Amino acid sequence: MLLVHLSNINKIYQTSHDLKFQALKNISLSIDSGEFVAIMGPSGSGKSTLMNILGLLDKPTSGSYKLEGEDVAHLSEKVMAEIRNKKIGFVFQQFNLLNRTSILDNVTLPLIYGGIDNQERITKAKKALDQVGLSDKLENRPNQLSGGQQQRAAIARALVTDPQIILADEPTGNLDTKTGQQIMEIFRKLNNEGKTIILITHEVDIARYAKRTIRVRDGEIK
Amino acid sequence: MNHLETFRVAMAAILANKMRAFLTILGIMIGVLSVILLTSLVSGLKTTITKQIAGLGSNLVIVVPGRIGGSRSPGGVQANRLTFADAINLKNKLRQDAQVCAVVQKTGTLKRLNINDKGAAIFGVQANYEKIISLKTEKGRFINEADVTSGRRVVVIGATVVKNLFGTASPLNQTIKIAGINYVVIGIAGSRGSIFGIDQDNSVLIPLTSAQKQFGITSPNTIYINALKAENVKDIQAKAKAILNKRLTEDDFSVLTQEQALSTISTVTNVLTLGLGGIAAISLIVGGIGIMNIMLVSVTERTREIGLRKALGAQTEDIRNQFLIEAVTLSGIGGIIGIVLGILLSLLINNFLQTTITWWSVLLSFGFSMIVGIVFGVAPAVRASKLDPIQALRYE
Ligand SMILES: Nc1ncnc2c1ncn2[C@@H]1O[C@H](COP(=O)(O)OP(=O)(O)O)[C@@H](O)[C@H]1O
Ligand SMILES: [Mg+2]
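Read top to bottom, the protein sequences are chains A and B. Per our numbering, residue 381 is the first one in the first sequence, and the count goes up by one each step. Per our numbering, residue -11 is the first one in the second sequence, and the count goes up by one each step.
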């Protein structure tokens, strides 16, 4: 089933008053549900810009974006936030966990904004943490965990809403090779269970975990 | 997201940074506390003075030098143009309807053996003073006509003077030095408490004539006129004015009834309340600016957090409400603690200085602290809610 369909996406940044920079040029791509896709390219090639658009954190300057057949390229901020909450799970390079908050509370965060009641939040968060093997760290603070454990917590947070897509932007960028591989094994397992995963990386070894690789260079798909 | 959830999120954020919460609460607390404390002090002062003047009895008419009240109060210190002749004149002319007593006042050092009592108030009074201002002589006797006529060196001393100079010894018939001259203690005056820290009992009463002679005083500080019948007070006030006006101008003296004296005090304390209340309000505003600063700093500090929350699906108004609830909660808690401490401190101070807690000051300062929380919380909250999630997440 067609999940993501981009056609002729352009993104132009107004870097200063009279200076424009085109970060994405005529990007068209389709991703089916259940796929594990790696978007690869050197630094500055536009990968994160593409991810922001895929994740509805940003709007393209032009082009169309259909998510599950629905046009989502030009929605209001409010609706974009709702779709992010329900359909997309983010995993960031910097983990982005709230440091003063327990792992369990970090994972329940998207459910709070999804209007899920407290009891169900905890049940779901515990289940997600179980999927990433962190059941024994519920009450720990992020800074009491290793980098790999923190990233696993972040993956649990991305999973907890049972989203249509998991978007991971350089998820192993802050981890050593071995830990990075463990994280990738988790993504592989999730994909085997049916999750659609879009992985952004500049490392060939990491991209190898995906079943398909899309190469980006200077804002274009090669 | 419903408001209860936003409230929970805000509470969690407050608890996640206790130092920040503490500082914010402290600012508001100090503001509220000072409003309550200062107004209770002024109200206490008013209560004390009112009680004392009311205690003088409603038959009293008071003549003081200078102009009090009215629209044309002359500024600066004026020479006292009242004379003892004026007092005698009043006495003679009002003989049928009232008693008249001239009083002079000085400050000086009292001494007994090696013990000094500095800064005691020395009153020179006539024999009828005791009755006119409802003073009680607890032990011994009050100054009588004969004492005044012959300018005897006798003294009635206040409770504080007894304590300072005599301790537990009996003062009656003992000798003390008043500004260097020996006086014999003939009586002890009943306690009159203190007004705003000025101890009314650290005072001595001597015959008017003795005071005149010793200090070379030519003008009375106050002339008390006690109407024999309450219904004559207004009439006597008018007569006294007319009598004094023959020799003096309107700017030289004021003739006040007890009622007018009370309303004058009320005017003064209202000004004090406004002034001190204003100062306290400023500290409340400063507390508010503190809240704004802390909230603004926390927006900067928490930029990544805000970006993350938005990425995870928080709406603009969720973020705004969260920050607003944080600010309002902190100022509310600060307000409540300020009220509790303000009341406790007022009650504590009340042990040695009369304080009266006014409910309007409690309500006003709490309302004000909430408004401060809302007003100074809005700007940072709006700023936080408008952050672009991508920029915010990238923020280092
Ligand atoms: N907000 C922005 N304003 C201006 N230029 C930007 C902005 N974001 C990204 N760029 C530019 O767009 C290009 C692509 O950036 P990015 O998508 O972050 O690349 P990648 O993630 O592949 O390293 C870079 O040259 C970057 O400088
Ligand atoms: Mg990038």
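One thing to keep in mind: the hints can contain errors.
[Said to hold, decoys possible] Label-pair ranges, simulated between beta-carbon atoms:
1. A:D542 <-> B:V370: 41 to 47 angstroms
2. A:S526 <-> B:L332: 23 to 29 angstroms
3. A:E573 <-> B:N(-10): 57 to 63 angstroms
4. A:R597 <-> B:M(-1): 28 to 34 angstroms
5. A:N523 <-> B:L332: 39 to 45 angstroms
6. A:E500 <-> B:N258: 57 to 63 angstroms
7. B:I359 <-> A:R595: 23 to 29 angstroms
8. A:S515 <-> B:V370: 48 to 54 angstroms
9. A:E450 <-> B:G355: 46 to 52 angstroms
10. A:N406 <-> B:R382: 52 to 58 angstroms
11. A:S515 <-> B:E289: 28 to 34 angstroms
[Stated by the list, open to error] The calculated lysine-lysine pairs, modelled on DSS-like cross-linking and capped at a C-alpha distance of 30 angstroms, are:
12. A:K466 <-> B:K374
13. B:K124 <-> A:K405
14. B:K81 <-> A:K458
15. B:K79 <-> B:K106
16. A:K467 <-> B:K106
These are computed hints drawn from the structure, not numbers from a lab. Fair warning: this is a prediction, and the values are worked out from it, not measured in the lab. No residue lacks a Cβ here, since even glycine has one placed at the ideal position from N, Cα and C.
> Which hint numbers doesn't this structure obey?
Replying inline: 1, 2, 3, 4, 7, 8, 10, 13, 14, 15 and 16
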